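**Student:** Each protein sequence line maps, in turn, to chains A and B. The end of the first sequence is residue 101 by my numbering, with every number in the run present. The end of the second sequence is residue 459 by my numbering, with every number in the run present.
If you are wondering where the hints come from, they were derived from the structure by calculation, not from laboratory data. Hints are not guaranteed to be accurate.
[Claimed, not checked] Once the Cα atoms are required to be at most 27 angstroms apart in a straight line, the calculated DSS-like pairs of lysine-lysine come out as:
| no. | chain 1 | residue 1 | chain 2 | residue 2 |
| --- | --- | --- | --- | --- |
| 1 | B | K361 | A | K31 |
| 2 | B | K438 | B | K361 |
| 3 | B | K22 | A | K31 |
| 4 | B | K317 | B | K255 |
| 5 | B | K147 | A | K31 |
| 6 | B | K147 | B | K31 |
| 7 | B | K361 | B | K81 |
| 8 | A | K31 | B | K411 |
| 9 | B | K110 | B | K81 |
| 10 | B | K255 | B | K285 |
| 11 | B | K255 | B | K329 |
| 12 | B | K110 | B | K317 |
| 13 | A | K31 | B | K329 |
| 14 | B | K371 | B | K411 |
| 15 | B | K31 | B | K110 |
Since this is a predicted model, take the numbers as computed values, not measurements.
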Amino acid sequence: MLEVLDFLKENILFINLLIMTFYLGFEIISKVPAVLHTPLMSGSNAISGIVIIGAIFLVRQAETTDYLTIILGVIGIILGTINVVGGHAVTNRMLEMFKKK
Amino acid sequence: MMEYIELLYVVSTILLLIGLRKLSSPASARKGNLIAASGMILAIVVSIFSPLEGDNGNYLYILGGILAGVLIGLFYSRKVKMTEIPELVSLFNGYGGACAVFISILEILKFNDTTSLSISSITYTALFVGSIAFTGSLVAYGKLSGKVKDWRSSISSYFNLFWLVLCVGLIVFQVLNPELYIYLPIVILVVSLFYGGSFVFPIGGADMPVVISLLNALTGIAAALSGIVYDNMVMLLGGVLVGSSGIILTLLMCKSMNRSLLNVVIGGFGGDTEGAEGKYQGTVKETSVNDVAINMRYADNVMIIPGYGMAVAQAQKTCKELEKILTNKGVNVNYAIHPVAGRMPGHMNVLLAEADVSYSKLFDMEDANSKMSDIDVCLIVGANDVVNPSALNEPNSPIYGMPIIEVLNSKNVVVLKRGMSKGYSGIENPLFFHNKTKMLFGDARDSIEGILNEIKTMD
């Protein structure tokens with residue numbers, strides 16, 4: 001229990017930031033019109049590919065002979081990049097159709 | 001040096017924020033997507049070239065991986081048909097979840113005596129959430145592309161509850177006793193992956209938009225948790241933004257079905273419709289292409305109500321043609337879009353935009369319902385549950401309370417349908433047996449083409 005309290009005390013600024021960002025996400029999206037639901041989802045889906053940064057750090061820190069980390073890390077990088085690039089590209093394609101009119 | 005790096009991360013976070021903001025209004029959406037993409041690129045480039053403790057380079061692997069990902073991602077996004085967007089988004093989402101799973105595994109392998117309780121609990125949570133997003137999205141992908149059939153039994157909610165408790169229990173145990181069982185992390189991984197699949201399995205059909213946005217939110221949360229582990233602000237804030245926007249979209253979808261999230265996740269449609277069966281075994285009135293054509297040609301106001309069936313039949317362009325020819329003949333044609341029509345939020349809007357239907361012709365549910373009494377013909381193209389009047393007047397129905405497009409307030413209803421099968425929710429639709437309703441059986445696109453040709457011959 002004490003550990004939890006310590007953790008909260010040390011990271012109070014951080015926790016505030018988290019709550020604010022969460023609220024911000026809510027506020028930004030809450031007024032979005034139905035016509036944009038799909039592009040918004042695939043766009044924000046692409047942003048969740050930001051997790052790729054973790055995979056990049058892991059591979060950079062891996063010993064050059066640590067094949068397990070390198071292989072899993074590179075698979076992570078590939079999948080994450082597909083998520084990011086594919087997500088933004090397909091969102092762009094959709095929004096282009098909306099723009100035609 | 002490090003200060004500049006942090007600053008660049010701040011810049012990319014701001015870009016993500018502005019991008020997401022602009023993405024939520026129609027005029028600036030495209031720009032917003034590009035701004036968010038540039039924020040992502042900046043963050044990724046910085047993470048590759050920033051100074052890092054214990055750096056061993058390995059750039060060849062990293063750049064190779066990114067190049068492969070870029071090529072595959074571009075290939076997918078070019079090739080996909082607009083009707084397949086929901087499954088593609090699920091697939092991408094699954095990849096993001098898988099990435100989170102991989103990095104959590106590798107982090108867990110690095111744990112030692114000095115690993116703090118908070119870091120280990122956060123990493124295991126990231127593993128758990130990422131796993132659900134991964135296998136859940138893959139099952140959703142399978143369902144949407146028709147490779148996985150809906151399957152549900154009366155015990156599936158208890159079964160899933162059991163797995164959920166098991167996952168959480170194992171994680172708590174492992175975090176508190178990290179050294180006790182070496183293989184427990186593997187068990188946790190397997191159990192979590194399994195839970196993701198079994199959680200999505202019983203959910204189907206009309207609930208899909210809710211599940212997809214929920215899975216999207218979960219990937220964001222997994223990214224945010226990993227951001228805490230790596231002490232990386234852009235990962236954390238980007239993840240939280242996706243998580244919170246995904247949750248709000250999920251709740252929005254639940255609201256349009258008048259159900260709680262818990263009800264969607266645990267309940268699932270169908271099953272207990274006793275009594276409703278057989279009750280509507282009345283006769284349906286079948287009509288012909290010719291009749292419908294005459295009806296529509298000499299109407300003043302026509303409302304088209306699309307559903308998932310329009311996507312399946314790829315009928316959006318034919319709908320647009322029908323709209324064009326009727327408009328030329330002086331008929332006022334509009335579309336009524338139910339918020340959960342189709343398989344993902346806004347699915348119908350994307351398809352109709354692809355077919356060049358003007359935004360101003362799309363009515364949302366409230367607008368459509370308020371104009372319904374002026375409508376001469378409602379043409380239902382592959383929609384079922386979203387026009388099911390049981391939602392209004394049958395308290396026993398599983399969809400009771402869900403707002404629907406009230407087509408029965410119009411003068412005539414024509415339903416394009418393949419056959420007399422039930423909707424995706426497996427619920428009988430009394431609309432089909434109503435005396436205002438005429439059924440035109442067959443593939444939606446073929447039927448509309450038939451109607452088109454008939455109308456062309458009229459003056």
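**Student:** Now tell me if each hint is right for this structure.
**Tutor:** Taking the hints in turn, this is what the structure says about them:
Of the pairs offered as hints, the one joining K361(B) and K31(A) holds, with about 21 angstroms between alpha carbons and a cut-off of 27 angstroms not exceeded. For the given pair, K438(B) sits about 24 angstroms from K361(B) by alpha-carbon distance, which is consistent with the 27 angstroms threshold. Straight-line distance between C-alpha atoms of K22(B) and K31(A) comes to about 12 angstroms, which keeps the hinted pair within the 27 angstroms bound. Annotation: proposed proximity of K317(B) to K255(B) is violated, straight-line Cα distance about 30 angstroms (limit 27 angstroms).
For the suggested pair K147(B) and K31(A), the alpha carbons sit about 35 angstroms apart, so the restraint of at most 27 angstroms is broken. Proposed proximity of K147(B) and K31(B) is contradicted: the alpha carbons are some 35 angstroms apart, above 27 angstroms. With a CA separation close to 23 angstroms, the supplied pair K361(B) and K81(B) stays within the 27 angstroms bound. For a cut-off of 27 angstroms, the pair hint linking K31(A) to K411(B) is broken: about 34 angstroms separates their Cα positions.
Using a Cα cut-off of 27 angstroms, the hinted pair K110(B) and K81(B) is violated, with the two alpha carbons roughly 42 angstroms apart. A C-alpha spacing of about 34 angstroms is found between K255(B) and K285(B), which places the hinted pair above 27 angstroms, so the restraint is violated. With a CA separation close to 39 angstroms, the supplied pair K255(B) and K329(B) exceeds the 27 angstroms bound. With a C-alpha separation of about 55 angstroms, the suggested pair K110(B) and K317(B) falls outside the 27 angstroms cut-off, and the hint is violated.
As the CA atoms of K31(A) and K329(B) are separated by approximately 37 angstroms, the hinted pair breaks the 27 angstroms bound. Between K371(B) and K411(B) the alpha-carbon distance is near 12 angstroms, which keeps this suggested pair within the 27 angstroms criterion. Our distance criterion of 27 angstroms between C-alpha atoms is broken by K31(B) and K110(B), whose separation comes to about 41 angstroms.
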